[in-house]
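A.B. asks: Spelled out, the chains give:
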Amino acid sequence: MDNFFDLVPLVVLIPLAGMLVNLFTGRQLGERGVGIVAVGASGMSFVIAVLLWIAQVNTGYKAAVIDMPILADWIVIPSANVTIPWAFRVDSLSVTMMLVVTGVGTLIHLYAVGYMHGDERFPRFFVYMNMFLVFMLILVTGNNFLMMFVGWEGVGLCSYLLIGFWFDKPGGAGWRNSDAARKAFIVNRVGDFGLILGVLITFWTFGTLDYYREGEVPIVPHAAAEEEVPLFAPALPAEDAGHAVAGPLGVFNQAELWLEEGGHKVDFGMVSLSFETTLTLITLLFLLGATGKSAQIPLFVWLPDAMAGPTPVSALIHAATMVTAGVYMMVRANVFYHAAEFSSFVVAVIGATTALVAGFIAVGQWDIKRVLAYSTVSQLGFMVAAVGVGAYAAAMFHLVTHACFKALLFLASGSVIHGMEHGHHHATHDHSGHHDDGFDPQDMRFMGGLKERMPVTYWTYLFGTLALAGIIPFAGFWSKDEILLDSLKAGVDKGLLSGYIGFVLLLTAAAFTAFYMWRQVSLVFLGKPRHAAAAHAEESSRVMTWPLIVLAALSLLIGFINVPSGFPILGWLLGEHQFTSFLEHSVPYAHAGTFSFLLATFAVLLALGAIYLARSVYNDRVLAVLREDPLAVNTRMQRAFALANAKLYWDEFYFKYLIYPYRNAAYWLAEQLDWRFWHDYAHERLLRDPFNAATRALTWRVDKQIIDRSFDGLGHAARRAASRLRRIQTGYVHIYAMSVLFGALLVMVLILLPLIRDWLGL
Amino acid sequence: MGSSEVATELYVLLSAVLFIMGAMGVLLRRNAILVFMSVELMLNAANLALVAFARQWASGAGHLMVFFVMTVAAAEVAVGLALIVAIFRTKKSIDIDNLHMFKG
Amino acid sequence: MEDISLVTVVLMLPLVGLVLMMLFSRTEQAYKWGALVTSLVTFGVSLLLVRNFDTSVSGLQMVQNVDWITADSFTIRYYVGVDGISIWLVLLTTFIMPLAILASFNPIKDRVRLYYMFMLLMEWAMLGVFVAQDLFLFYIFWEVTLVPMYFLIGIWGAEERIYAAVKFFLYTMAGSLLMLLAILWLGNEAGTFSVPDILAKLDSGELTLSTATGRWLFLAFGIAFAIKVPMWPLHSWLPDAHVQAPTAGSVILAGVLLKMGTYGFVRFNLPLFPEASETFAPYVAVLAVIGIIYGAWVSYGQKDVKKLVAYSSISHLGFVMLGIFALNPAGIQGSILQMVNHGISTGGLFLLVGVLYERRHTKLMSAFGGIWRAMPLYSGIALVIVLSSMGLPGLNGFVGEFTILLGSAGSSVLSWWFTFFAAIGIILAAVYMLYMFNTVFMGALDKEENKRLPDLNWQELWSLVPILVMVFVIGLQAGYFFEFMDGSVKELVNYVNGYALSTAGH
Amino acid sequence: MSGVPSLSDLNIAATLPASFLALYACLLMIVDLFIPRTRKHVTAGLTILGLAISLVLALLPLGGVARFGDGERAFGGMYIADQFSDGVNVIALITALLGVMVAYNYLDRIQRQRGEYYYLLLFTTLGVMVMGAAGDLVVVFVALELLSIPLYILSGFRWPQEASEESALKYFILGAFASSFLVYGIALVYGATGVTDFEGVWRAVEDIIAEDASGKYLLLVGAGMLLVGLGFKVAAVPFHMWTPDVYQGAPTSVVAYMSVAAKVGGFAALVRVLGCGMANFSLDGGLVAAWQDTVWLIAALTMILGNMVAIVQSDLKRLLAYSSIAHAGYILIGVAAAGSVPVANEAARAVIMYLTAYAFTNVGAFSVVIAVERDDASNTGLESMRGLAAKQPLLAASMAVFMLSLTGIPLTAGFVGKWFVFKAAIAADLIPVAVVGVVTSLVSAYYYLRIVWYMYFEQGEGEAHVPVPLAWAISIATVGTLVLGIFPYLLSDMTNEITLAFGP
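Residue numbers (the working numbering), protein chains in the order written: chain A, 1 to 762; chain B, 1 to 104; chain C, 1 to 506; chain D, 1 to 504.
Hints are computed from structural coordinates only; laboratory data are not their basis. From a predicted model like this one, the values you see are computed outputs, not experimental measurements. Treat the hints loosely; a few may be bogus.
Which chain D residues stay away from chain A? Per the calculated CB distances, all over 10 angstroms, these [what the hints assert, rightly or not]:
#: 1; residue: Asp9
#: 2; residue: Leu46
#: 3; residue: Gly224
#: 4; residue: Asn496
Using 30 angstroms as the maximum straight-line C-alpha spacing, the simulated DSS-like pairs for lysine-lysine come out as follows [to be verified]:
#: 5; chain 1: A; residue 1: Lys656; chain 2: C; residue 2: Lys451
#: 6; chain 1: C; residue 1: Lys303; chain 2: A; residue 2: Lys169
#: 7; chain 1: A; residue 1: Lys169; chain 2: C; residue 2: Lys447
#: 8; chain 1: C; residue 1: Lys109; chain 2: C; residue 2: Lys451
#: 9; chain 1: A; residue 1: Lys169; chain 2: A; residue 2: Lys265
#: 10; chain 1: A; residue 1: Lys169; chain 2: A; residue 2: Lys656
#: 11; chain 1: C; residue 1: Lys109; chain 2: D; residue 2: Lys391
#: 12; chain 1: C; residue 1: Lys490; chain 2: A; residue 2: Lys265
#: 13; chain 1: C; residue 1: Lys201; chain 2: C; residue 2: Lys303
#: 14; chain 1: C; residue 1: Lys109; chain 2: C; residue 2: Lys303
#: 15; chain 1: C; residue 1: Lys303; chain 2: C; residue 2: Lys447
#: 16; chain 1: A; residue 1: Lys265; chain 2: A; residue 2: Lys528
#: 17; chain 1: A; residue 1: Lys169; chain 2: C; residue 2: Lys167
#: 18; chain 1: C; residue 1: Lys109; chain 2: C; residue 2: Lys447
#: 19; chain 1: C; residue 1: Lys490; chain 2: C; residue 2: Lys201
#: 20; chain 1: D; residue 1: Lys391; chain 2: C; residue 2: Lys167
Away from chain C, derived, C-beta distances all over 12 angstroms, residues of chain A [as the list claims (entries may be wrong)]:
#: 21; residue: Gln28
#: 22; residue: Leu29
#: 23; residue: Val57
#: 24; residue: Gly191
We put the CB at the ideal spot given by N, CA and C, even for glycine.
The whole structure should be built from the sequences, with the hints applied where relevant.
C.D. replies: See the structure below:
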């Protein structure tokens with residue numbers, strides 16, 4: 001089964017081929033052909049991922065580094081000891097990500113065939129989608145940070161293109177889809193700035209960017225390996241004793257060795273830092289990258305706007321896969337984060353805070369997708385916080401489960417939107433007199449009662465909601481519970497402050513989650529239709545509902561892959577923490593979650609309580625009469641609601657203090673400083689004009705007048721001396737002669753100057 | 001050198017005075033012919049100096065030079081007068097102050 | 001007389017083509033095609049340079065070294081050759097020229113013959129700059145590039161063309177005259193103008209430059225190159241020249257001409273004045289980083305697409321300068337590659353702007369919007385080139401920028417702050433590039449006159465496709481390009497550092 | 001010196017190009033009497049023939065093909081036939097050839113087709129040649145007058161046109177005035193050294209320096225006077241003021257010729273007098289001549305004033321006049337460099353290179369002016385250049401080449417000239433003046449480029465009149481400018497062995 005590993009390039013190349021086929025022949029293929037190619041490419045990629053998984057299992061979770069076919073090494077500078085190859089890494093972590101990306105991706109592709117039906121840019125959409133798969137898979141399969149960066153920015157590009165897919169759709173109030181797209185790209189770039197700096201420092205610290213070299217296995221840390229026999233003994237080449245900068249080891253093992261050794265200094269060109277400081281620096285910079293891609297504070301602002309893209313995009317890119325790249329990256333760098341305590345603290349706090357803040361904002365949103373977007377931000381906060389408290393396995397676990405149920409929720413919401421649009425079309429068609437009342441198919445205020453009209457969507461949506469809310473036995477319960485428990489344990493067992501902070505914030509966030517999700521369910525599906533569109537909504541086609549059903553099933557079941565140890569019955573039935581064991585082979589600091597009956601019960605009760613609360617606030621009776629949010633009219637809650645509704649004025653803050661100043665400064669620089677001052681004033685007033693003045697002076701003053709006038713004067717004087725009393729006209733010849741004479745005097749003075757100086761004793 | 005002989009310096013001084021007088025003449029006179037004669041005066045001042053130096057160095061080169069200067073001066077006179085005549089025909093004036101057709 | 005080297009052949013081909021064209025071509029059509037064929041043949045032959053290049057040799061290859069002017073106190077040689085530093089720039093030149101010529105087919109309707117003559121003259125002079133190893137020869141080519149460009153801008157440029165042409169000429173000449181003095185001074189001391197000989201003399205101690213002298217000479221050369229680059233704050237000629245030049249002129253300006261400045265730094269300043277290079281490195285780097293951020297910032301404030309692209313060059317070349325003065329192999333190799341990358345992507349951007357200008361005769365961004373809908377092929381290509389310019393990984397721009405940052409981060413003469421601020425430039429690049437892309441290509445197609453814009457015609461398409469190909473080739477396979485320059489750069493860096501060591505020993 | 005030299009001692013063969021031309025000119029003067037007024041093209045043809053023969057005779061020794069006579073000295077050291085004088089000969093003759101070509105049709109157009117023009121031109125040329133070969137101050141003086149007097153006449157050749165006459169008289173009076181300075185300078189040098197031949201002066205200077213004799217004051221003043229006299233001829237600031245007026249007033253064909261010829265003569269003499277005679281005249285026993293500072297200061301002044309004033313000129317002839325003043329400044333740098341003994345030869349070569357470049361370029365530029373000038377001497381404003389490129393592409397291209405050459409852009413002769421001159425200046429450690437040189441070159445670029453942009457970038461009438469001989473002259477000038485620019489070694493190799501110094 002070893003040779004299955006060699007298939008890994010295909011994971012990337014098949015979607016690439018699909019993309020190229022659709023790019024060049026999309027117009028000829030027609031919708032059906034394009035759909036087959038795109039979904040087929042994605043599906044085949046999934047098959048390869050499954051094969052790789054099988055290969056992993058069969059080879060005892062061996063990792064492999066596979067070179068890219070056709071392309072040789074990417075950046076190689078022998079004299080600078082830089083070697084950055086195109087190489088894939090197959091290990092349990094990358095295979096996990098591959099499975100998620102291609103698996104969920106295929107379903108969403110399939111769904112999108114239905115969703116995008118009839119769009120004039122149908123082929124282009126699938127070109128982008130396949131391109132996204134290409135980059136996402138490069139991101140997760142690359143064996144070095146730079147390849148990851150390629151994928152990292154590449155998915156950012158796809159995100160840009162897909163958010164702006166309907167770039168010419170007239171947007172409201174000066175904010176267009178293309179602006180949302182641009183915002184996403186630029187905010188991400190801010191994160192990438194951190195990431196690339198981190199990569200640079202990583203390179204100069206280790207002399208390489210490879211995670212692990214070919215044939216190298218992760219050194220299992222002694223701390224984590226206490227109770228277990230190390231699965232793999234470190235296979236260190238003998239000559240590595242000296243830890244050369246460009247050592248034959250990948251970055252992680254190198255770091256492990258240096259940490260063990262202690263006191264290692266890293267020499268950069270001008271500074272020398274202790275290795276621990278360097279790691280802190282690197283991890284903080286990586287964190288900046290992660291806050292961009294995984295939408296954490298302070299860079300999460302792009303994600304809600306990203307909902308301007310078609311819904312499958314929101315599901316695939318902005319919920320299930322791309323946004324988790326930051327989490328993947330930090331898990332990948334778990335060796336670093338484990339060693340960098342301060343950074344981990346920051347990570348935990350940022351993650352937990354984001355989870356809470358986003359959860360809070362989600363409560364105040366009207367747009368069905370926006371709620372989900374903030375929910376995504378919040379859930380990503382959970383994952384990031386998990387990384388921060390050292391629960392790498394839990395973070396990945398939540399990543400996987402979240403991918404399923406959040407994709408489901410988005411797709412289902414897409415189905416709702418589709419249905420609403422259909423209903424609206426139907427309604428306006430039927431009642432020609434019906435005039436538009438600012439209808440927005442995504443605004444939940446126009447919905448209600450869709451449960452009857454769209455039963456499949458309703459039920460799948462319900463599954464997703466329960467999973468997200470963390471209701472046992474849905475997937476979300478297992479992963480969220482593991483994160484909560486791990487952070488509590490980090491606090492209690494290891495005495496980490498971040499653990500306590502994380503636990504409290506995340507628990508609160510979990511309650512918010514359940515609340516806003518049930519608010520959404522109530523507003524969308526329950527009660528009576530509040531608008532003609534909702535009343536006429538229709539269930540989506542089967543190509544759209546089937547993926548929903550599959551995902552709903554996954555949302556229910558996927559949690560069982562990592563049943564915590566100590567869970568009654570299920571643990572015995574399905575095996576305990578299977579997923580963690582799988583992951584451990586590539587994530588040295590992954591550790592299995594245990595189970596706390598008390599906490600689990602508490603969390604579930606909390607969620608149920610929040611659901612109850614939500615239902616009691618958003619009950620049918622109230623909604624039937626009120627077009628406003630019940631909270632907005634509640635005197636005690638309305639200020640909080642307004643704050644949530646305004647997204648905490650986060651965007652406004654950025655606009656006021658960053659974007660407008662930057663833009664205005666740009667105008668000022670461009671028009672005033674560079675053009676008016678430097679280009680015009682400095683060159684004309686300070687260079688050209690004085691030069692012209694000098695020229696004029698030389699021409700009219702010196703060449704004509706000084707010589708003219710002074711000689712004129714001289715001539716007068718001379719004439720007076722010669723007792724010539726009559727007025728004498730001057731003529732040019734005289735002046736010229738005078739100038740010759742003057743010149744002669746000048747020459748005399750000049751030529752005698754050294755002698756004159758001698759005489760005067762100077 | 002006998003006491004009756006005049007020192008070379010005095011000749012040179014005289015020639016310098018003549019030269020300066022000639023130069024002043026060029027500067028002050030407006031009649032082309034007078035200007036021209038002033039130039040001749042300057043040349044002759046140089047001649048005087050040459051002869052004086054020739055006497056001092058007791059070499060013939062100075063004398064030789066004087067002959068050439070005189071010859072050339074004659075040639076110049078010829079050309080100069082021709083020009084003056086020509087311009088007189090055109091302008092009915094040989095006032096060199098009237099020669100200012102050109103302006104920078 | 002030794003055999004004629006391939007470098008000479010490449011160098012002289014445009015001239016041969018020019019002469020043949022003048023002798024045998026009668027019609028304008030013949031001039032067009034003659035120029036295109038000549039430039040294509042030159043490109044083809046220059047590919048042989050790559051094939052014959054021996055990457056294990058760090059010095060000059062395919063050298064031709066003939067005495068040209070001899071005098072008792074000095075000699076001047078026709079001394080040409082390529083090494084790892086110059087070969088890609090030669091290739092860049094031969095690559096860009098056919099594209100520029102092809103892109104001129106439609107827009108140039110006036111004085112066609114003269115135009116193509118100047119184009120070939122331009123190619124010849126630019127190639128000369130990159131292969132000349134004698135300072136006299138170098139200076140000749142350096143100055144000669146001014147002449148055709150002066151005419152290209154002045155005759156076929158836009159409204160303000162005369163002002164731009166004269167400013168371009170005077171600005172560049174101002175710098176190069178100082179360089180002329182430095183060249184004369186150096187040649188006078190060394191008794192030769194050939195750079196390898198001077199280096200050998202410096203190395204053997206036969207010629208020594210005092211610290212002060214070295215610094216003065218560095219400045220004299222440096223200012224000339226800095227104007228050409230152009231480094232902030234000497235950039236004021238650039239927006240004029242780039243904006244007013246005809247499309248092909250802008251392509252050549254941005255694509256090749258600016259590289260002469262950065263190339264000059266690598267070729268002359270570093271090896272000839274190593275001490276001064278190390279001393280001035282932080283100062284140059286400060287200007288470079290200011291340029292990166294300033295250029296990007298000012299680009300964002302532009303209303304005219306062409307001006308935006310022009311200012312972006314200041315930012316991009318700031319990166320190149322930063323890499324050069326990191327004074328380590330990664331930085332310098334990154335810079336050299338980035339010179340090529342900038343030539344390709346900014347050349348491409350100017351071609352793109354030219355396409356728009358051809359159709360609408362305006363370059364104001366506000367005149368467009370939603371072009372993607374009207375011209376999908378064009379916009380798709382534009383997207384790739386824009387991304388390449390803003391350094392998307394996997395495309396060429398990224399490799400260069402990354403390697404430069406890698407170099408500057410690991411530099412022993414530059415502090416980390418340079419890398420930090422330069423990296424900010426990457427963010428800002430996205431800001432202005434996407435601003436441009438969004439304004440011109442995205443958004444609603446709401447202007448009536450834009451709705452029926454025809455997509456690319458075949459000349460435009462084929463002038464862009466090679467650029468597209470190179471964007472990917474370099475982006476994915478930069479190692480191949482680095483391999484060629486590695487030996488030469490390594491030697492250069494050793495030389496510079498060796499000097500530093502020897503002075504440290506004193 | 002004493003004793004009557006025999007004819008063979010005179011070594012007349014060494015002076016072949018000059019003596020041939022002298023004889024030929026005299027003969028032509030007689031022959032011309034028998035050529036009817038309507039057939040003056042015969043005179044022109046004969047002039048060209050004579051010049052061509054003389055040119056060949058001058059080129060043979062310069063090219064190292066043949067050397068006439070026995071050694072470099074002729075007429076007892078009065079005439080020095082070395083590479084420098086060969087160089088001057090060639091330049092003078094080429095200039096004269098071009099001068100005849102541009103004149104022929106021009107004279108027809110202004111109805112002054114007379115034989116005198118041609119043989120006066122020959123005499124002037126002879127004067128230039130002899131100046132370059134002068135081995136004695138007396139010869140310098142005589143040659144200077146031989147050069148000047150015909151030029152006075154030629155300047156007034158368009159009489160009774162007032163402008164022409166006025167310029168002639170002006171030139172004449174001021175020229176004579178300056179000559180008297182020269183003569184007085186000669187007298188003083190003679191007074192200080194007791195000799196007039198350069199070799200003698202050189203020796204005497206060594207003695208004066210060695211003894212620190214008071215003669216050095218006399219010598220310094222004498223050198224200064226010589227500088228004044230010759231500086232006037234080359235139009236150095238502040239003796240330049242006649243130049244624009246005379247250039248504007250004189251017939252353009254004369255200007256084309258004399259702007260070069262007078263300069264070549266003046267500079268040849270300056271190099272001979274200062275370089276040959278007094279390069280060793282250093283007051284502190286060093287290697288730098290006492291007059292060097294003065295010369296380079298004048299050079300700097302000349303370059304600055306010439307270039308800056310040229311900018312505001314609106315008449316082509318005046319502009320070129322100021323340009324020619326500026327170029328005198330550049331060449332003076334070379335002369336100044338000759339004041340450093342180790343650099344003297346290189347500097348002399350630089351002067352030759354520059355003068356050659358200048359000859360082709362400047363005659364060419366004035367030829368273009370002749371082409372656009374109307375018969376009534378109008379249309380010489382800068383506007384006459386507008387749109388020339390569209391109507392007269394070749395003429396415009398030539399003019400562009402000349403302008404680039406005057407600016408000093410590579411691949412033109414002007415650059416080579418500047419290169420050599422600046423090189424010499426740097427070798428002589430005259431960096432400040434070299435800096436002034438390059439900075440003013442930049443300034444000059446502006447007004448030269450303006451002519452180019454008028455021709456190429458703007459629309460206009462573009463009227464021009466290019467008869468065959470003028471076309472030939474322009475072509476030769478263009479080709480010469482380019483060939484010298486591209487293959488400078490053709491000339492630099494020929495002038496490789498210029499030796500000025502008499503000293504050990």
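A.B. asks: Are the hints correct? Go through all of them and say.
C.D. replies: A quick look at each hint next to the structure:
1. At roughly 37 angstroms from the closest C-beta of chain A, the C-beta of D:Asp9 stays outside 10 angstroms, upholding its exclusion from the interface.
2. Distance check on D:Leu46: its Cβ is at least 37 angstroms (rounded) from any Cβ of chain A, clearing the 10 angstroms threshold; non-interface status holds.
3. Non-interface call for D:Gly224 relative to chain A: violated, since the shortest CB-CB distance, roughly 4 angstroms, does not exceed 10 angstroms.
4. With a cut of 10 angstroms on Cβ distances, D:Asn496 stays outside the contact zone with chain A, its closest approach being about 32 angstroms.
5. Restraint check for A:Lys656 and C:Lys451: the C-alpha separation of about 36 angstroms exceeds 30 angstroms, so the hint is violated.
6. Taking the CA atoms of C:Lys303 and A:Lys169, the gap is near 23 angstroms; set against the 30 angstroms cutoff, the hint holds.
7. A hinted pair counts as satisfied when its Cα atoms are at most 30 angstroms apart, and A:Lys169 with C:Lys447 qualifies at roughly 14 angstroms.
8. Taking the CA atoms of C:Lys109 and C:Lys451, the gap is near 26 angstroms; set against the 30 angstroms cutoff, the hint holds.
9. For the suggested pair A:Lys169 and A:Lys265, the alpha carbons sit about 56 angstroms apart, so the restraint of at most 30 angstroms is broken.
10. Distance restraint check for A:Lys169 and A:Lys656: the Cα-Cα separation of roughly 27 angstroms lies within the 30 angstroms cut-off, and the hinted pair is therefore satisfied.
11. For the suggested pair C:Lys109 and D:Lys391, the alpha carbons sit about 17 angstroms apart, so the restraint of at most 30 angstroms is met.
12. As the CA atoms of C:Lys490 and A:Lys265 are separated by approximately 27 angstroms, the hinted pair is consistent with the 30 angstroms bound.
13. Distance restraint check for C:Lys201 and C:Lys303: the Cα-Cα separation of roughly 52 angstroms exceeds the 30 angstroms cut-off, and the hinted pair is therefore not satisfied.
14. Annotation: proposed proximity of C:Lys109 to C:Lys303 holds, straight-line Cα distance about 28 angstroms (limit 30 angstroms).
15. The hinted pair formed by C:Lys303 and C:Lys447 meets the criterion: a straight-line CA distance of about 17 angstroms does not exceed 30 angstroms.
16. Distance restraint check for A:Lys265 and A:Lys528: the Cα-Cα separation of roughly 68 angstroms exceeds the 30 angstroms cut-off, and the hinted pair is therefore not satisfied.
17. As the CA atoms of A:Lys169 and C:Lys167 are separated by approximately 44 angstroms, the hinted pair breaks the 30 angstroms bound.
18. Among the hinted pairs, C:Lys109 with C:Lys447 is consistent with the structure: their alpha-carbon atoms are about 28 angstroms apart, no more than 30 angstroms.
19. At roughly 20 angstroms between alpha-carbon atoms, C:Lys490 and C:Lys201 fall within 30 angstroms of each other, so this suggested pair holds.
20. At most 30 angstroms may separate the alpha-carbon atoms for a hinted pair to count; D:Lys391 and C:Lys167 meet this at roughly 27 angstroms.
21. Distance check on A:Gln28: its Cβ is at least 15 angstroms (rounded) from any Cβ of chain C, clearing the 12 angstroms threshold; non-interface status holds.
22. With a closest Cβ-Cβ approach of about 16 angstroms to chain C, A:Leu29 is found to remain outside the 12 angstroms limit, as its non-interface label requires.
23. The non-interface label for A:Val57 is consistent with chain C: the shortest C-beta to C-beta separation is roughly 32 angstroms, beyond 12 angstroms.
24. A Cβ of chain C approaches the Cβ of A:Gly191 within 12 angstroms, the least distance being about 9 angstroms, so the stated non-interface status is violated.
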